[in-house]
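> Protein chains in written order, with my numbering: chain S, 400 to 780; chain G, 400 to 780.
None of these hints come from the bench; they were simulated from the model.
A few of these clues could be false.
No copy labels: a pair is met if it fits in one copy or bridges any two.
Simulated pairs of lysine-lysine, DSSO-like, Cα-Cα distance not exceeding 27 Å [to be verified]: (1) Lys594 <-> Lys663; (2) Lys765 <-> Lys733; (3) Lys560 <-> Lys733; (4) Lys594 <-> Lys560; (5) Lys708 <-> Lys733; (6) Lys774 <-> Lys705; (7) Lys708 <-> Lys772; (8) Lys537 <-> Lys560; (9) Lys774 <-> Lys708.
Note that the structure is a prediction, hence the values are computed from the model and not measured.
Protein chains: 2
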Amino acid sequence: MPSNIFHDSPAPNITELDRFVAVIPAGGVGTRLWPLSRAAAPKFLHDLTGSGSTLIRATYDRLEPLSGSKVLLVTGDAHREAVCRQLPEVADENLVLETEPKDSGAAIGLAAAILFLRAPDTIMGSFAADQVISPVGKFQDAVREAVYTAASGKIVTIGLKPTHASTGFGYIRTGAPLNIPGAPSARIVSKFVEKPSAEIAEQYLASGEYNWNAGMFVAPVELILRHLKANQPALYEGLMEIAQAWDTPDRVAVKNRVWPTLPKIAIDYAVAEPAADAGDVAVIPADFSWDVVGDFAAIARLSNAKEVKDVKVIGEGARVFTEDSSGIVVSDTKRVIALVGIQDVVVVDTPDALLVTTRAHAQFVKMAVDGLKAKGDTDVL
Amino acid sequence: MPSNIFHDSPAPNITELDRFVAVIPAGGVGTRLWPLSRAAAPKFLHDLTGSGSTLIRATYDRLEPLSGSKVLLVTGDAHREAVCRQLPEVADENLVLETEPKDSGAAIGLAAAILFLRAPDTIMGSFAADQVISPVGKFQDAVREAVYTAASGKIVTIGLKPTHASTGFGYIRTGAPLNIPGAPSARIVSKFVEKPSAEIAEQYLASGEYNWNAGMFVAPVELILRHLKANQPALYEGLMEIAQAWDTPDRVAVKNRVWPTLPKIAIDYAVAEPAADAGDVAVIPADFSWDVVGDFAAIARLSNAKEVKDVKVIGEGARVFTEDSSGIVVSDTKRVIALVGIQDVVVVDTPDALLVTTRAHAQFVKMAVDGLKAKGDTDVL
Numbered sequence: 400m401p402s403n404i405f406h407d408s409p410a411p412n413i414t415e416l417d418r419f420v421a422v423i424p425a426g427g428v429g430t431r432l433w434p435l436s437r438a439a440a441p442k443f444l445h446d447l448t449g450s451g452s453t454l455i456r457a458t459y460d461r462l463e464p465l466s467g468s469k470v471l472l473v474t475g476d477a478h479r480e481a482v483c484r485q486l487p488e489v490a491d492e493n494l495v496l497e498t499e500p501k502d503s504g505a506a507i508g509l510a511a512a513i514l515f516l517r518a519p520d521t522i523m524g525s526f527a528a529d530q531v532i533s534p535v536g537k538f539q540d541a542v543r544e545a546v547y548t549a550a551s552g553k554i555v556t557i558g559l560k561p562t563h564a565s566t567g568f569g570y571i572r573t574g575a576p577l578n579i580p581g582a583p584s585a586r587i588v589s590k591f592v593e594k595p596s597a598e599i600a601e602q603y604l605a606s607g608e609y610n611w612n613a614g615m616f617v618a619p620v621e622l623i624l625r626h627l628k629a630n631q632p633a634l635y636e637g638l639m640e641i642a643q644a645w646d647t648p649d650r651v652a653v654k655n656r657v658w659p660t661l662p663k664i665a666i667d668y669a670v671a672e673p674a675a676d677a678g679d680v681a682v683i684p685a686d687f688s689w690d691v692v693g694d695f696a697a698i699a700r701l702s703n704a705k706e707v708k709d710v711k712v713i714g715e716g717a718r719v720f721t722e723d724s725s726g727i728v729v730s731d732t733k734r735v736i737a738l739v740g741i742q743d744v745v746v747v748d749t750p751d752a753l754l755v756t757t758r759a760h761a762q763f764v765k766m767a768v769d770g771l772k773a774k775g776d777t778d779v780l
Numbered sequence: 400m401p402s403n404i405f406h407d408s409p410a411p412n413i414t415e416l417d418r419f420v421a422v423i424p425a426g427g428v429g430t431r432l433w434p435l436s437r438a439a440a441p442k443f444l445h446d447l448t449g450s451g452s453t454l455i456r457a458t459y460d461r462l463e464p465l466s467g468s469k470v471l472l473v474t475g476d477a478h479r480e481a482v483c484r485q486l487p488e489v490a491d492e493n494l495v496l497e498t499e500p501k502d503s504g505a506a507i508g509l510a511a512a513i514l515f516l517r518a519p520d521t522i523m524g525s526f527a528a529d530q531v532i533s534p535v536g537k538f539q540d541a542v543r544e545a546v547y548t549a550a551s552g553k554i555v556t557i558g559l560k561p562t563h564a565s566t567g568f569g570y571i572r573t574g575a576p577l578n579i580p581g582a583p584s585a586r587i588v589s590k591f592v593e594k595p596s597a598e599i600a601e602q603y604l605a606s607g608e609y610n611w612n613a614g615m616f617v618a619p620v621e622l623i624l625r626h627l628k629a630n631q632p633a634l635y636e637g638l639m640e641i642a643q644a645w646d647t648p649d650r651v652a653v654k655n656r657v658w659p660t661l662p663k664i665a666i667d668y669a670v671a672e673p674a675a676d677a678g679d680v681a682v683i684p685a686d687f688s689w690d691v692v693g694d695f696a697a698i699a700r701l702s703n704a705k706e707v708k709d710v711k712v713i714g715e716g717a718r719v720f721t722e723d724s725s726g727i728v729v730s731d732t733k734r735v736i737a738l739v740g741i742q743d744v745v746v747v748d749t750p751d752a753l754l755v756t757t758r759a760h761a762q763f764v765k766m767a768v769d770g771l772k773a774k775g776d777t778d779v780l
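Bound-form chain S, shown alone:
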């Protein structure tokens, strides 16, 4: 707004946002997106919506206007090369490579510890690398509000206004407004609740008091560490030991020694829920559209890819012919794919594995992965 130019003091958001660092945890194979997404090429490395960007690149680009180049990435050691190809901007010291998966408590806790030792007043925001969000402006507005709220001494989640009674997400029960300057939407979180039954989900939706928990949060690193230390002292100690070595030549040696000894626990249990009980958690209810792209039905829904008659076709160079068919084809090969007289089909064609299912069964693709694992066909998982 031009009028801001004439303010005596700088806008209140300048200093708060200067403290902001984005953390992007990039994990999770996306089993229900097999064979496209798999251990060696998890879903965040794919352009699942035909946007022209991989999910991890889109996540970075969405945050960059807020964080600038202050981004810390947490991912599996195996994905180093692919992630660096996607995000050449991220320097070595901002790339946390897990030698084995240790759940979100260790991943986000280590980010907090590293950032704390670099600058104790850092406000970090954690945003998973495999989500699809639009419009980006609304997301950024919510994150900005979250940063101002975090600066007041809160762990701040971003809650999504539910559009239906989903049983697939956890919910956040919102409490009283917090009246924080620059964050008009901020409210206290009265509690987190697990994925509900259909009946309970309907009640949540009707009450208007619940938001979906999108797993995004913004918080002073010092506050995260304080709760972590109180609830998971062993994890805290281990993470601080790694963090102290991080910006020294011992980084890799200490990480490789300590990481495998860390307990596995979700950040929800290690920090968020105890903090909510202590009244330390706030929520910014937001209404951008948000999707975790959980299965191929979601891809069909979200993708802007071209349609060949009634079939959505995803994949550069796909050669698809359809006749009296509907559904989605994901092509990771140059093969000709012909669909004839088949409805609501999902075909995922990769060089070494092919999946054929229906939109209605897309969520059961994990069964194929489990079945192939049991058969010993692990080369394609």
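Put chain G on the given structure of chain S with help from the hints.
Below, chain G without anything else, positioned relative to chain S:
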């Protein structure tokens, strides 16, 4: 029968069968079996039923007990190598390679002409290379009867007792019994009729007077040539010119010069129908089971391949996982194929092309081939 040992004269079939030569026309791409069957690898080169033999090999093996090594093969020039791999027994002089397709009149007529010049009293039997027949014993019995009947001066078709009112086959109307020794089933053919409407087909079935025309026939080569000369003199002259050069060093040169000039006409119009009008055609009604393996639904029906739960899997080395699915998978690759929650599906996986359809739509696969041709994707046709 042991009592035959005490007969004064040899069994009547010995001399007739000595005159018998099998002709195997191996043509037809099998468009409805794309992408397994295609121009470069037509269906007769595949083991479509999981029997362990390609269709052309099975055809040869079914005839060999009757013809011995006296087999003439007619196929496209492009298939020479593949056919020779399947049938190493067939010598060069018994391999008729068409430089371009000229329909059955030229293919079968040339076989008749070559065999006539080698031995004028030859009885040839023509059996397409892409059929599935069982039990073989019943087929051979019918061919034996056909040979005795042919020896009496007839062109003899083998008619199949209809099991349903098919609109996909031509029919043969049978006339009076012929009372030929060694051929108790032989009857005169009163006429050939084209593929009927459903209503007419029901009438044919109910009457008991009609048999399916399986396109198999057995005849003295001299009689075939006589009708060919009368009905298609230009074709006859061209074929005789090639045949006269056949067992000389000029074989290829003359064939390559004359073959492209020959008229295209089906043997039915060039010989069988005019011969029937002349009272020269007989039929052996037979009741072996016979299938032209026209589409993937037929393969699913005929194949003895292993089943993975309710999915029939065809293809050596196939790696198929199924969950709550039914249908058929034809695998011509080593890729893992996973089916999840999809019913009556047909999946045909080849290195450069993939087809996904349903059993009910199997007969419409030709649409994909036509569509790909129109799009210019001819590399996979």
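> All the hints need checking, so say for each whether the structure fits it.
Hint by hint, here is what the structure shows:
In this homomeric assembly, Lys594 and Lys663 come within 27 Å of each other (Cα to Cα) only inside a single copy, at 21 Å, whereas the closest approach across copies is 71 Å. In this assembly of identical chains, the alpha carbons of Lys765 and Lys733 lie at most 27 Å apart whether taken from the same copy (26 Å) or from different copies (21 Å). For the identical chains of this complex, Lys560 and Lys733 are neighbours neither inside a copy (41 Å) nor across copies (47 Å), given an alpha-carbon limit of 27 Å. Proximity of Lys594 and Lys560 under a CA criterion of 27 Å is satisfied intra-copy only: 15 Å inside one chain copy versus 64 Å between copies.
In this homomeric assembly, Lys708 and Lys733 come within 27 Å of each other (Cα to Cα) only inside a single copy, at 20 Å, whereas the closest approach across copies is 31 Å. Taking CA atoms no more than 27 Å apart as the test, Lys774 paired with Lys705 passes between copies only; the shortest distance there is 17 Å, against 36 Å inside one copy. Taking the shortest Cα distances, Lys708 and Lys772 sit within 27 Å of each other only across copies (18 Å), while inside one copy they are farther apart (36 Å). For the identical chains of this complex, Lys537 and Lys560 are intra-copy neighbours only, at 13 Å inside a copy versus 73 Å across copies, given an alpha-carbon limit of 27 Å.
In this assembly of identical chains, Lys774 and Lys708 lie within 27 Å of each other by CA distance solely across copies; the values are 14 Å between and 37 Å within a copy.
Violated hint for the displayed structure: number 3, the only one.
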